[in-house]
Structure formats: C-alpha cells, structure tokens
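So the sequences go chain by chain: A and B.
Mapping of the first sequence onto the UniProt record's numbering: position 870 corresponds to residue 870, and the numbering continues sequentially without gaps.
Mapping of the second sequence onto the UniProt record's numbering: position 463 corresponds to residue 463, and the numbering continues sequentially without gaps.
In case anyone wonders, no lab produced these hints; they're calculated from the structure.
Possibly wrong hints are sitting among the right ones.
What the hints assert, rightly or not - Listed next, with one range per pair, are the computed distances between beta-carbon atoms: (1) B/S528 - A/V486: 20 to 30 Å; (2) A/D560 - B/L616: 49 to 59 Å; (3) A/Q721 - B/Q444: 28 to 38 Å; (4) B/L349 - A/W722: 49 to 59 Å; (5) B/L315 - A/L553: 25 to 35 Å; (6) A/D560 - B/F502: 49 to 59 Å; (7) A/R556 - B/F502: 35 to 45 Å; (8) A/D560 - B/E224: 49 to 59 Å; (9) A/F292 - B/F450: 33 to 43 Å; (10) A/D494 - B/F450: 14 to 24 Å; (11) A/D560 - B/L315: 24 to 34 Å; (12) B/R231 - A/Q721: 33 to 43 Å; (13) B/F450 - A/T413: 30 to 40 Å.
For each residue, glycine too, the CB sits at the ideal point set by N, CA and C.
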Amino acid sequence: MASVRARRPPSPPPSIAHPPPRFPPKAGHLDADARRAAPRSLARPRVPAAAEWRVLAVLLLVGAGVRLFRISSPDSVVFDEVHFGKFAARYIKTRYFVDVHPPLAKLLITLAAWIFGFNGHFEFDDIAKPFVDTPYVAMRMVPALMGLWTIPLGYLTLRMLDCRATTAMLAAVLLTFENALVTQSRHILLDAPLIFFTALSTFFYVCFATENARRPFSEAWWTWLVLTGGALGAVVSCKWVGLFTIALVGLATLRQLWILLGDTRVSPRLWIKHFLARALCLILVPLLVYMFIFHIHFAILQNSGEGDGFMSPEFQHTLGGHRMDDTYADVAVGSRVTIRHVNTQGGYLHSHPHNYPAGSKQQQITLYPHLDENNDWRIINASSPGDPYTSWEGHPPAYIPDGARIKLRHISTAKSLHSHDFRPPVSDVDFQNEVSAYGMADFEGDMNDDWIVEIDGSAARRLRTLRTAFRLKHALTGCYLFSHKVKLPAWGFDQQEVTCNKNAVRANSLWMVETNWHPHLPANAPKVNYRTPSLLSKFLELNSVMWTTNAGLTERHTYDSRPASWPILRRGINFWVKDHRQVYLTGNPLVWWMSTAAVSAYVAVRALLILRAKRGFRDFENTKVVKYDTLCGFLFLGWALHYLPFFLMTRQLFLHHYLPALYFAVLLLCAVFDFLTASLRPVARLAAALVLALLVVWNFAIFSPLAYGLPWTKAQCRAAQWRSTWDFSWYAALSSPSQYLMNLNFTPPPQCRLFRRLRELRSQRARNAPRIRRPRHHRRRRRARARRRRRCARADGRRRRRDAGRAREGGARPRYFCGGARGEDGRCGEQCGWGGCGGWRWRWGGGWIEGGQRCCGWRARQRRRWWRARQPRREW
Amino acid sequence: MYDVSSFSIAAVGILTLFAFFLRFYKINHPDQVVFDEVHFGKFAAHYISREYYFDVHPPFAKMLFGLAGWFVGFDGKFLFENIGDNYTDNHVPYVGMRGLSAIFGSLTVPVVYGIMKECGYGTVVSAFSASLVLFDSAHIAQSRLILLDSILIFFMAMTVYSYIRFRKLRYRDFTAEWWGWLVATGVFMACTWGSKVNGILTVFAIGAAVLVDLWDILDYRKNESIDVFWRQFTARAVGLILVPFIVYLSFFWVHFTVLNRSGPGDTFMSPAFQESLVGNELLMHSAEIRYLDTVTIRAKDAKVYLHSHPEKYPLRYDDGRISSQGQQVTGYGHADENNHWQIIPTKALPETGRGRIVRHGDTIQLLHVNTDSVLLTHDVASPLTPTNQEFTTHPKEDYSRYNETLFQVLLMDGEEGSAWRSKSGHFRLVHVLTKVSLYTHKGQLPDWAFLQQEINGNKNPNDRGNVWFVDEIVQTPDGEDVLNRQATVNTPNRDPKPRNFFKKFFELQGLMLQHNAGLTASHPYASSPLNWPFLVSGISFWTESESQKQIYFIGNIVGWWTCVIAVSVYIGIMGADMIGRRRNVKAIPHSVRKRLWNSAGFFLLVWFIHYAPFFLMSRQLFLHHYLPSHLASTLVAGAVLHFLISDTVNTPISAKGHFTPLRHRNYAEIGYRGPIILGIWVVMLLIAFVYISPLTYGTPGLTGDEVNARRLLNTWTLHFAAKNAGQV
C-alpha cells in the first residue's frame, strides 16, 4: 500500500573519507542505503509471530463464547428468518422461488439444514412462531461461525496493513463485543456471511498488495490475487451490496496500476501483463464464481413453486410441474389454442362467465396466469362464407397467413373476442377501448368480433405456435389488443386488464400461441415446444428479475431508516418480542460513535493537510504521515464505498445495511488509535487499549439482553435507553427478575441460580420482618389506597369480563391502543394494568406516560403486583 | 489573416443577420397556442391582468413576456387554455411576444461567437461554434415560441461571456473594468436563475469555476500572503453571491408588486398570503364561526371532507383485529349531506352577540347532523393504522361517554381569543382526553367503507395531515345569511392586509421547490437524459390534422452529433495526454495544453454541470432541458476543432497587468484547412436544417411519405407518418 515514501537525504558522498567505524558491522548487515538498493524480495514479510497466533486463538475462543452463547434461544422465528429460513425450506423441497439476493449465503444455510436433516416442512410464516422439527441451531450456526471468523480477519488485516499487535487486538475486541454484529450473526440472516466475505476479500487484497510491493508474479502473488477474486465472487453472491467491495478492490487496483504506469522502469509490456493478470483474476474469476453459484441454484430448484410468476414462459418450462407436451407447430383455422401475452407475466388470454360491472356490462376478458379451460380459444376465419363457427369443420386445415381476418371464439362460454367504443373499466382514457366476450351459441356475431393478425417480424409468413409473436388489430377501430401490468379490482379477481389500445406500445401488444390442437391435423404433423434456455440466458433473466424486484421494494417498513441516521445509531430494529423478552438490533454505542468520530476525524485532518500543503507546509514529506494517510485512506475508502451509495437508493433501507461500512469504520478507528499511540511506550499503549476494551465490554454488557433475548428488568431497560429514539419496548420487560419466574411461558434454565436465590431472599425477608403498627395517618392512607385498589379491581374485572364475552362471540380480544410496542400476541406489553384507575398520568423517566395507559403510580402498581403474585397462576 | 477585426465584424454581422432571419421566418405561424405556450402565455396574461398565479419557475422571463405583451397591446383577456386555440380569432398580438423570445434566441448566436473570440480562438473557429447554434433546429424551434428557454439560454451565454471577460482581467484586479465584469457576471447569473429553475445550474457552473480559481490563488507559490486570497475571496463573494441575490430578490419584489389581485394561484398559498391580495376568496367569503352553526370541515392537504355515515366499522378486520363496531368516520372527496357537522358548545352561551363566536382553544363537540350523533375518539386502534386511534360517533342523548366527545379547536398560529373563521382558519382538532389530533392520510379504506379515506387520531401533533379548515358554513341556527350576518355584527375590513416581502418570498420559494420535486407524473414526450445528446427522441409541440402540419422539437442531427463527437474527442485527448505524461511522453506543446485544460476544460465543466444533475432528478425531463448543455458543447466543439487543425494558439489573451512578465505574442496558424472545414460544415448543417425545417417551422404540411423520409432515426415519433409494411 505504502508506495509513496518520502526520500530521506542521501548519505554523504563517497568522496569524503570516513574514519573507520567504531563498531564494525556484523556480517550480512546492510545500512539504510544498501537496504533500499537491495532487491525488494529481501524486505521482511509481515507475518505474525508465533505468540500472536496464541493470542488470536484466545480471542477466537472469547469470540465463540460471545457469538454462540445460547444460540438456541429464542426457539422461535426471528425477524427476517421468515424469509431466509423459508428459502432454505424451498431449496430442500426444490420448489422454485425468487429472492432479491443472490443465492450463496442461502445455499450455505440450506446445506447446514440439509446435513442436520431438515425436511422442509416447517413454514417460517410469522415472527415468533416456535420451531417444530427444524434444525434451526445448525442453520444459525452458519452465520454465527462466519461472524466469528470475521474477528481474526479484522486482526490479520490490520496486521498486514502494518499496524501494531496491540491495535489489532483492540480491533478484535471491538468486533467481538459489537452488539449489532453479534445480533445479526446469531440468526438465519445473510449479513454475517456478507460481512465475512467482505472482510475476507479485504484481507486477501491487502495480502496481495503487500506481496505486490515485494515480488510481483511470484507464486504467493498469484495465490493472493486468485483468492481475492474468489472472495469477491463470494461476497457478491451473498448480496449485491458486495458490489461495493468489488468497487473498493477495483479502485485500489486502479491506483496500483496508475502508480505502475508512472514508474518508467516498468516497460509497457510488463504493465500490460500486470493489467491482464488483474483483469483476469478480479473480473473474470468473480464472474465465474457468481455464475457457478447460480448454476447450483438452478440445479437445485428443479420444480415449480411460488417464484414461477416472475419468470418468462421459456424459463417456467424448465421447471417440473410446468413442462408442457409438444404441440402442433402450425396454427390453422379451427385450432384450439391458448394465447399468451408476451411482455408481461400476466398469463393467458382468459374469459369467464362474469361481466364487467360498468361500460358495456358484457363478459370480462382478462389475463390469467394459470392453466385453465377458460384459456382455450378457437381461431375462426372471419371472411369465410356461411356460419364461420362451423364451416371450417368440413375443410382441410387452412393456415393463418399474415394479415388474416379472424375471430376468436371462447370455447367454454361460446362467446367471441369483441371490442367496441366503451372505455375500459380501469384504464379509463380516450385511446383505450374495452375488450369483452360477446355473442350467443347460434349468433354469428358482428364485425366488432373481427381481428386482423399482424405477424411480428417479416421472416414468418404464417402463424406458428410459440415461434411467431403477433399483434391483433381490431378490424373496425384499428386498435390493438393490449395488456399491461394493471390489475382489475376484486370483481375481476385481481386478474390483469386487457384492452384495445390505439397507441399501443409494440411490446405490450404482442401475443403468442402457446398450445395448439387441431382435430384435422394428423398425429405426425410437425410439433414444437419451448426452446430450453441456456444457463446464461436463465442467469441473465433471473438477474434482471432480481433487479426490478429490488428496485420495486419501495414501500415503507416500521423499522426502516435512512442512511443519514446510521452512523449516529439513531434507532435500531425490533427483531423479536415474546414472553416479555426482546431481541432488538442495536449497536454498541461506544464502538459505533467512536468509529464515526474516527471517520470524521480522518476527513477533517486530511482536509487540513491538503489546505496546509497548498500553503506550502511539507506534511506529506513526513514518513509517519504518509504511512497513516495511505493506511487510513484505504480504510476510509472502504467505509465510504460501503456507505455513501445507499444515499442514492430509494428502496427500503435498514440499519443492518451499515454493518459492512461499520467493519471498515472499526478498523479505521483502530488505525487512528495506532497513530495516536505511536509515540507511547508499549506498556502504556497496551493499557490504553485495555481501558478502551473494558469500556466497550461494559457497554456490550448493558445492551446484551437485547442481543441474546435475555430477561431484564424494566429499570435496567429504562436505564439503557440513552437516547429517546431507541425504541426497545421496556414496557415489554417485567419489573423484577422474579417475575420472569412467575411467567408461565418462561422456564428458567437450570443454570439460572440468580433468580431462585432472589426469590428465596425475598420470601425470607417477608417472613422475618417484624410486625410494627404503623402511625394512624399511614393506616388511613393505606385504607384509602385499598379502597381505590378494590375499585380498580372491579373495573378491571368488568373490562375483562366484557372482553371475555367478546372473545366468546368469536372475536379476538380487542386491540387496545398501546403507547408503543405490543407483544407478539397483539396485547400491549405489561403496562400498568388494564386501567380502571381513572385517567391518572404519571411523569416517568423523561416524559409523560402516553395517554391511554392508565397508571396508578408506582406504589399502587407495586401493590397490585404483590397482590396479583399471590393469586393462583392464570393466563390473564 | 482572418483575424483582422474588420473580418471578424463582418462574420459576426452575417451570423447575426442569419440568426434573426431564421428565427423570425414565418414567426406568425402557427397562429395557435403551441405546447407550453399554454402555461407561459397564460402567465404573461396574468401579469397584464395583475392576477396572482403560481408556477414552479422564477418570474423574470415571464415578466419579460408580460412586458412584451403589454407593449404590443395585449389586454390579458385571452387565457391560453388549450393547445390549438386560435390567436387570430381571439385578437392576441402573439407575434410581439414570440418576437421577444426570437430576439433573445437570435442574440445568443453573436454571444457564442464572442465567447469563443474572447477565449482566443480565431474567427473561423468562433464562427464554427456560432453556426452550430445558428443552424440548430432545436434552438430555433424553442426561440420562435413563447417559451422561457431562449431567454434562459441567452442569459446563460451572457454569464459565461462576462465571466470570461472577468477572468481575462485577472492581472488587473480591482480596477473598474474588473469590477464591472464581475458584477455583470453576477447580474446575468441572477437573470439566468430568475428565468427558469434550471438556471441554478449556471450558478453552480460559475461557482465551480470560481472555486477552482480560488484554489489556484490559495497556492503559496502564487501568493505568499494569505491576505491576497481573502481580498479576492471577498470580492467574489460580493459580486457573485450578494449582487445576484439582491437582483434575484428584486424580481420577486416586482412580481409581488405587479400581481396584487387574487387569481388562480391563491389556493397554493397560506391564508395570510392570500389575504394580502385584492379581492381574494378569504377576504370576501371568510366568516366568523359561531356555536350551533352547521359547517363542512375539510383537510388542508388531502382536500377531503370529514364525513360519517350510518354504516358501522366491521367487527373484525382482515388481520384479525377487532373494532369498536361504532359508526364509521371517513374522509370523503365530494360534497354531501353527510359532511355536515354542527358545533355544539360545552359552556353556557349568551343569546346573541360576540360571545357566540368560537375562539382559539375553545372546547366543542361536533354533532353529525344526519345521524344525530357526536364525534368521538377512544383508544381502539384505527382500521389501517394500528398506532393511531379510531374515530367514531356516539348517540347524542347518551351522556355516558361525554368526556370522550370533547375536542379542542387549536388554530394554526392562533393567539388567545382569535376567532375561528371559515376558509382562512386552519386548525387542529385535538381530543381533550387523549390529546390526539384529528388526522387523515392517503390510506384508502376497503370496500366496507366504500373506498373512502381513513380518518384517525394521530399522536404526533406536528403532522401535516392534522390541519383542517372549515370549508363552508352551511346553515346557522336561525337560518340567516352568513355573510350578511357578518356584515352587521362585525364589519370586516375587505381591504388586503399587507405582508412582509421576505415572508412572501420565502413562502413562495418553499412552495416552488416542493412542487418542482412533485412533477413526477409521466408525460408521453418525457425522455431520459442519456438520450439527449444523441437526439434519440424529440417532442411533438403542435399538430394540425387538415394540412398535416406539425412542429416537432428536435435538434439538427449534424450539429448535435458533431458536438457529441467533439466532447468524446476532447475526453479522449485529455485521457491520452494524462497517460502519456505518466509515461513521460509530452506530445502536446505546453501552451496548447494549457489552453485545452483551462478554456476547453471550462466549457466541458459548463456542459457537465448543466447536464449531469438531470440524471439525479426524478421529475419529468424533456429534451429542451439539454439546450444549455448543448450550447456549452458547441463551445467544446470549437475548441476541439481548433486543436485538430492547429498546433498553435493565440497568446497572450489575458490583459497585461503591471507585474505580468513580457511574453511574445503568438498567432495561431490555421491555414487553409480551417475555412474549408467551416464551409463544409456550414453546408452540411444547412442541408440538415433545411431538410428538417418543415418540422421546425410547422409549415409546409408534409405527406405521409415525406414524413417518413424525415424520420431520420426510427425512434422519432412523428405524426401523419404513412404506414408501410415494415413498420407498424
């Protein structure tokens, strides 16, 4: 990396006579000039010493403890496990699906699930649905292990970037105790693999760059280069965010090439060799990896599933359950055909015995994506003499040439495709006409049933199944049969609208005969079927579908956020709430804010340096400045490339999209630490690192119940709410640990001694407390409170009885207005009871408790809890 | 030899003459409203009739049109309602207004010539750039109509010209001449920005050039003392920020001063703004609301009425939640009996007099007249938005839930005791018990509520959907006429209330930004920026079926493609030069390279800044948005032509200062190739222009086959094309 080193002044010229050295140099010792002149291969490779490997092993063990702690809990579906768990099930059942992310991470999760015997029957329908018969721990282990290995990668990357071991250790600790990374890697989600591969690519690239400075085209050089390419392929196969990693490596490579270009000792031939090697390994290899992953994806998903509708007919034909028998190649008068719309995935020209509610009120024409008898039409020659609907039967089959005038007969309802001067029901504009099915069994119909076939492309002379696309022009009004991605309302069963359009876009007015059967054609007449698409065309099609789907994800989500709020950790994401426990994605604020500060500090210092250079200060001739500038510049570029592009995206964005950028920000933070402590003694540096690490661990401990979904008390929860925008629901927590014991749904794990001990202490204290008669005004107040409590209880009872009555009538409990989060069962979290105490409002924490929660103050609440705890256990 | 001044003057004279001829030729055709004349003609008419209108573009160019219209005697009665409305029948002196546009369009040509000349290019090269604009069908089509672009482009070219003059005086800084061109740059910049919103890109372009310039001045090798930098910086801040801003403000000052009557733009503005206009609805029809009046209440943004009907909320929603099963309260877009609400007092009222007026902060009940029930909200989740409260109604006689039916009227910017007025009194309706505000948003309820809009209680008091106003007082308890009542009890002053200019200015600016971003609806002739330089598709401005005439807005294909090629050649040259210098190959002489970087580089910067931002915009984009960029690309084309035909440059071109070292004067030798290339190009441009001219001038009419022949690219969507077999 560090290729720009300021030259130190040369040694005194040889002409000056030196006195003999006092300490003659050892054999093989080189002075500074000799070292610089010596071949580059002699420079010491930066390989960690043996002791460091031991440190690394310890860090890895600690990391495993943090990442894998109670990974089996929660034993129900968390957040986007809904999607990615479901996709694993689809893979196992080989049912085709479409997702916006490339398949590698999902395939890895599926592999784990398959090895541990997942049968794919569990549907990951809803968040907090308990797992049944699912090896979810094995599935979660995939991201967890990848998250774990990210820690040593961070360490090694910094070491290869010429940072000190202390700094690298600090980085490992920061990555280990980062709540968001922990939370994200403990569940079946794609981000942990993504970050792992990002870290891996960065590490490989840094190794490659180091090797490049020493011995280009050596075996190690090639190895690192190919590995970088492979890792880049893997990262982009996890999520398209991986493209940013490719951009990082690409820009850094371009910089290498630019520097090489400026080195006149490198001949153009050698430069081209450098260029081709990089192009091969950093463009071709990732592309091949990416395509290979898709090859596996297609190889597994053999059967039709919920994703079929996104794909073209050719593609669908390759899926089991959609394969079609060969069909007659030539369409003739009298053929029974199904007609598919070419440009949209709306399906087949369809009609059914339901009428339009407005306009002509004739029978509906729609597009319908599934096979059905109502998709069958008979092609009739409109210009034949006599009754056109029967006259064809006596004659040998006549083909349909370009320009033929036809009628289309809907077979099951015996009506013809018809258009007239009515506005269509949804696209109510001047240039569109309604299309309907019209006619009776023995009515010949009118001229509005006539359509002219215009075959698309001049090569084909007559209409053929599957091979020719055609347009249908209405003979009288000159409009074209047309469909677009507009759905009819409920009366049209949400099927796609079909109209007759006078200014039709060509693509949306193209149709194609998909199946064709004719009674008079011999069995050995030429037949056709869909052409099987090649892997490449399937790959391209799926990628374009992913792109459009991804761009279409613009609707809002309750927990989505805009990129500007990420570096300041404005708000997290609620992953899971159940049994008064919560999993909430939030970062370690200390790590998060310090890393943001480091990034801003780098930008500020760099800007200052540029300004100073402009005014003639010679900072960039200082070796230390150059070293840290190169190092931090690379990490900053990584951060910026993984963060800034999100500002251009209009789709739904979440906090976890910042995590790859956070990885670089943490490394940058450590680099800044390295710079700041450069002049300290090693012990002092270690001490500083230790203090930082301890602070970070302390921060982690505060928020760890959210990462692991552990019980915590309301007081702890409220104390952890440092910013008012952090909306973890502390009213979902209970107020003391012992209450988690009373909760029926929570069985304390055997190792959980703390709770038992607390309960014992509590009952002991109750037994030992001496009975003291309290002063009279106390007693009076107590009696008043008791009265109020009874009143509350009565009100509670009334309300509860009313709800129970409603529930008996077949409804669920009414959903009362909640101040904030609800439990997964739709109830408000444990608030201040079910009201009835009148509209008291209490100042609590930093503000008022929102309207709608009727609270009676902490004393009354405590007492009510005390009272309730002595009631027989029941589900309230 | 071509660079003697008499030759130059002759060249610029011929160019200008041609420009006037081509732009004024048959300017009276068509005598119908064409394309956006619908808007800009109408705005000019509003200036003459002094009625307030609202538009997303700043007013300077439109005021010029208004001035031109007034000058030629337009009375402002004709309102340019539809494309194709006839001017002659309506006696509109439209030629005068189009003439203004044509004058500016014609003057652009000599300005382009001047820019090139001032930059040190020879007469031939300058004429080349100017003729690329001169014979351009797009520039001509745009400047023959009442459209803003020709004015925008003229001032943009003037800005560039003055900046170059200013920059050439850099060795004579702080002289009168230097200040003059600096301030001229600022003023023209303001005119550009004041003509059209995209004029701000010119501000950015000049801003970027100034930053580069300042960065150069900051260099310690140029100026030992930092004071020099600060002086230069301050001068530019004054000339290029302060002056333009004042000029820009003055446009708006004139705009507000001229438009002092109520007009179609009223409804966009705040009530306080509207009340500053003569004869506006609010002053005329706004009345104080009294208790027991029956009113209709309307949402400010969504424009739906507060509505209720006897149907109940369904017991259970699709997602399994349960409602209160109370009567539905919805938002309904049309006037209806069910929108009537009566204001019920919660305190004792005097029989008559001012005590019956509802004031800011009063607590009221709202009685739905048709179902005789009062509005209520309670902590049941609303149908679509579970975090908000459901609104329903409760029988009037049943007092058991009286407390839940109380609402407080909070006027926006209301003070203690200010009266609640219809039309102008925007208010929030806050539930006394739970503090939620009556709120509506775009969410449509399912079939059970007849697809009407959802109404619910919002906890966030600052949401935009919380603001409502009383549309109309339908009926008063004693049946008297509302306006007369007001006249007797409280004679309001029907004179407009003055409002601070800056308040008006900032309100209008905010609205312009907001509406500009909101122009995202698709338009059949909107196109994406990537297509523009290649002329992939144009815009159909006007058609006339009987004579098969049409105006199709499209550029001169020879000229535009020359520009595209020139820009790519320039980028190629500079790229190759950078790589070459990296390898220590210095192929281009120093002075030529400097000219390429500084002069052509500046043109490219102008081109880029007028073009690239469109890629980031999500609003409707049209080909004519590229015209300023096209002008910059003709400048690049001239510079590239000069580079290709000559190894030398005219130096020095900057004015000599006291401390400038003496340099030899060099003349660029362009030989015989220059005039020949210019001649060939002019002929080619002319042929292409004449061939397309029936589409540019809209006359003569073309037969189907002729139209087909003029469809040079198959992506052009011309009208009246003959059908042939290959194309459908």
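So, going through the hints one by one against the coordinates:
1. The beta-carbon spacing between B/S528 and A/V486, approximately 23 Å, falls within the hinted interval of 20 to 30 Å.
2. The beta-carbon spacing between A/D560 and B/L616, approximately 22 Å, falls outside the hinted interval of 49 to 59 Å.
3. Evaluation of the 28 to 38 Å hint for A/Q721 and B/Q444 yields a pass: the beta carbon distance comes to about 36 Å.
4. With their beta carbons about 52 Å apart, B/L349 and A/W722 fall inside the hinted range of 49 to 59 Å.
5. Checked against the hint of 25 to 35 Å, the pair B/L315 and A/L553 passes, with Cβ atoms roughly 34 Å apart.
6. A hinted range of 49 to 59 Å for the beta carbons of A/D560 and B/F502 is inconsistent with their spacing of about 38 Å.
7. Between A/R556 and B/F502 the Cβ separation comes to about 36 Å, which falls inside the hinted range of 35 to 45 Å.
8. Between A/D560 and B/E224 the CB atoms are about 54 Å apart, so this pair conforms to the stated range of 49 to 59 Å.
9. Checked against the hint of 33 to 43 Å, the C-beta distance between A/F292 and B/F450 comes to roughly 55 Å, which is inconsistent with it.
10. Between A/D494 and B/F450 the beta carbon distance is about 19 Å. The supplied range of 14 to 24 Å therefore holds.
11. The beta-carbon spacing between A/D560 and B/L315, approximately 32 Å, falls within the hinted interval of 24 to 34 Å.
12. Separated by about 53 Å at the C-beta atoms, B/R231 and A/Q721 break the suggested range of 33 to 43 Å.
13. Against the hinted window of 30 to 40 Å, the Cβ-Cβ separation of B/F450 and A/T413 comes to about 31 Å, which satisfies the hint.
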